[in-house]
Amino acid sequence: MRIVFSLLASIFLISPASAAQAPAVKLQLALNWKAEPEFGGFYAAKLAGHFDKRGLGVDITEGGAGTPVVQMVANGKVPFGIAAGDEVVIAQARGADVVALFAVYQINPQGIMVHPERGFKSIADVFNSPGILAIQSGAPYTLFLQAKFPKARVKLVPYAGGIAQFLTDAHYSQQCFVTSEPLLAKKKSAAVESFLIADEGFNPYGTVVVARRGYVEKNQKQTRDFIDAVRAGWQEYLRAPQSANALMVKLNPAIDTETMKEAADVQKPFIVSTGTQPADLGKMTVERWTTLTNQLQEIKLIQSKPAAARLFQKY
Amino acid sequence: MTARARLAAFLPPLLPLIFSIGLAETAVRLQWVPSYLIPAPSEVFRSLLDDRIELGAAAWETLSSALVGLLLSFLAGTLFSVALSSSDLARRAFYPYAVFFQTVPIISIAPLLVIWFGFGRPTVIASAAIVSVFPIIASTLLGLKSTEPALLDLFKLYSATGRQTLWMLRIPFALPQIFSGLRIASGLAVVGAIVGEFIGGGGLGSVVDSARTQQRIDRVFAAVLISSILGLVLVGAVNFVSALSLGHWHASERKPS
Numbered sequence: 001m002r003i004v005f006s007l008l009a010s011i012f013l014i015s016p017a018s019a020a021q022a023p024a025v026k027l028q029l030a031l032n033w034k035a036e037p038e039f040g041g042f043y044a045a046k047l048a049g050h051f052d053k054r055g056l057g058v059d060i061t062e063g064g065a066g067t068p069v070v071q072m073v074a075n076g077k078v079p080f081g082i083a084a085g086d087e088v089v090i091a092q093a094r095g096a097d098v099v100a101l102f103a104v105y106q107i108n109p110q111g112i113m114v115h116p117e118r119g120f121k122s123i124a125d126v127f128n129s130p131g132i133l134a135i136q137s138g139a140p141y142t143l144f145l146q147a148k149f150p151k152a153r154v155k156l157v158p159y160a161g162g163i164a165q166f167l168t169d170a171h172y173s174q175q176c177f178v179t180s181e182p183l184l185a186k187k188k189s190a191a192v193e194s195f196l197i198a199d200e201g202f203n204p205y206g207t208v209v210v211a212r213r214g215y216v217e218k219n220q221k222q223t224r225d226f227i228d229a230v231r232a233g234w235q236e237y238l239r240a241p242q243s244a245n246a247l248m249v250k251l252n253p254a255i256d257t258e259t260m261k262e263a264a265d266v267q268k269p270f271i272v273s274t275g276t277q278p279a280d281l282g283k284m285t286v287e288r289w290t291t292l293t294n295q296l297q298e299i300k301l302i303q304s305k306p307a308a309a310r311l312f313q314k315y
Numbered sequence: 316m317t318a319r320a321r322l323a324a325f326l327p328p329l330l331p332l333i334f335s336i337g338l339a340e341t342a343v344r345l346q347w348v349p350s351y352l353i354p355a356p357s358e359v360f361r362s363l364l365d366d367r368i369e370l371g372a373a374a375w376e377t378l379s380s381a382l383v384g385l386l387l388s389f390l391a392g393t394l395f396s397v398a399l400s401s402s403d404l405a406r407r408a409f410y411p412y413a414v415f416f417q418t419v420p421i422i423s424i425a426p427l428l429v430i431w432f433g434f435g436r437p438t439v440i441a442s443a444a445i446v447s448v449f450p451i452i453a454s455t456l457l458g459l460k461s462t463e464p465a466l467l468d469l470f471k472l473y474s475a476t477g478r479q480t481l482w483m484l485r486i487p488f489a490l491p492q493i494f495s496g497l498r499i500a501s502g503l504a505v506v507g508a509i510v511g512e513f514i515g516g517g518g519l520g521s522v523v524d525s526a527r528t529q530q531r532i533d534r535v536f537a538a539v540l541i542s543s544i545l546g547l548v549l550v551g552a553v554n555f556v557s558a559l560s561l562g563h564w565h566a567s568e569r570k571p572s
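Here the protein sequences come in this chain order: A and B.
In terms of my numbering, the first sequence opens at residue 1 and continues consecutively.
In terms of my numbering, the second sequence opens at residue 316 and continues consecutively.
Just so you know, these hints were derived from the structure itself, not from any lab.
It cannot be assumed that every hint is accurate.
To be verified - Estimated spans, in silico, between C-beta atoms of each pair: (1) A:Asp-125 to B:Gln-346: 44 to 52 Å; (2) B:Gly-551 to A:Thr-290: 49 to 57 Å; (3) B:Leu-547 to A:Asp-52: 29 to 37 Å.
All C-beta atoms, glycine included, are put in the ideal place defined by N, C-alpha and C.
Extracted from the complex, chain A is given alone in its bound form (with noise of 0.2 Å):
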């Protein structure tokens, strides 16, 4: 009976307490997209040896659009994996225990981009003039637009991903990562202005490190230190970014070496803000978590509220 069970144990989880007899405890990190420079820390935290200091084997997977990435972390497929802060409220707040660990964007790049031409200045003006914008429907920040701008004069469109519809329509505003989609923009020579949501108010975390509670609570120094590996990794990434996005352009050649390399630099006033220290990379408050829970119940995405001290824990 014994062995049917472990033979079954060993069959249905991937147990990292079961592999914990070997020198190196195996661990996998599942991204929720492919590698790109939003993933720049956790690449460099492998190549220069930080998790196998700790004695942790950590293997990283891509993931692409649908990848399931907090239902896989809640399940226990994997032990930790990549989130968006919103996605960590909601799944608390349907009864999946998963709390984030480390928050790789402090100030959410997520945006609108926009033709230059039109003059607007804000995500007001977007949303108040007339033309079309393409936005993913029934996302947590569309819903906060929608609610702040009820009388929108802008045709709201799906989203379908890329630029050729920007490039070739003047009228076309569409969402992006300022991170990603302006530079793709300006290497087609579009002249791109963008504006964050985070400026209008609703600014969750981004590219966050999250793991199943349960996981934590009786794996407290691996998570420990697969955290400080972590950060070592963005530190390292911050400081030089060469080796970790050499590696992630063979992994994902749709981003070529100058994009990478663009894109790492653009993205660092959103992951430090001057003054912080390298030991402050990641960390989260109680404050944000509570405006991003209280949002989230206003534009109805969840019902009842998670106490905001749960939604994460401090490494």
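Given chain A's structure and the hints, the job is docking chain B onto it.
Chain B alone, transformed into the frame defined by chain A:
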């Protein structure tokens, strides 16, 4: 119909439904499958109730777009088929291009439709028309080509004009095939409309898109359920017209007496 006969009519299709709903509910409740892979039917039902106003409006928008698309593909498809059936040369020249509509993966050209027709309804209608036109062409052409030769001879004997032969013989003779083409096309028109809405916006396509973003799989299934009901409604409408126009003469629609 007596109560017993009614029961006998409805029970066979009802049993698999009840069984599969029960199975899905049990599987999710007992956590055999995680609820983010398959939602519990009770969740889907609750979502249908909670969001009924939004879903209803979306369903109406999708249905009307699908209907216009179907109408367009019916008109265009029938005209095209009549033209092709009148000349062997024309058929050999153009029929292969009709097959194009059958094989085009609509999801891959949908972004182009937006550029051609703009965001909103025109794109949705075009998408519905493109996916639904081929079965209409194929069946109508088959119908128009299979007129009984003896009857054609009879018409010739009475020196009927080409137009008379078309309207009084070939088209009526092709009606059963035309309707079976329409039946296939009507389900496809709903699919085409929803795919168009993914890109062009509006209707059930937008509901699915937004629910997927929020990982509300129960709402996704609710929308899918409604879209299949829309398909049934359209097929039912075609059946109704078919019974009206064929009932008094064609074997396929005549009631057993």
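Query - Hints the structure fails to honour - result: 3
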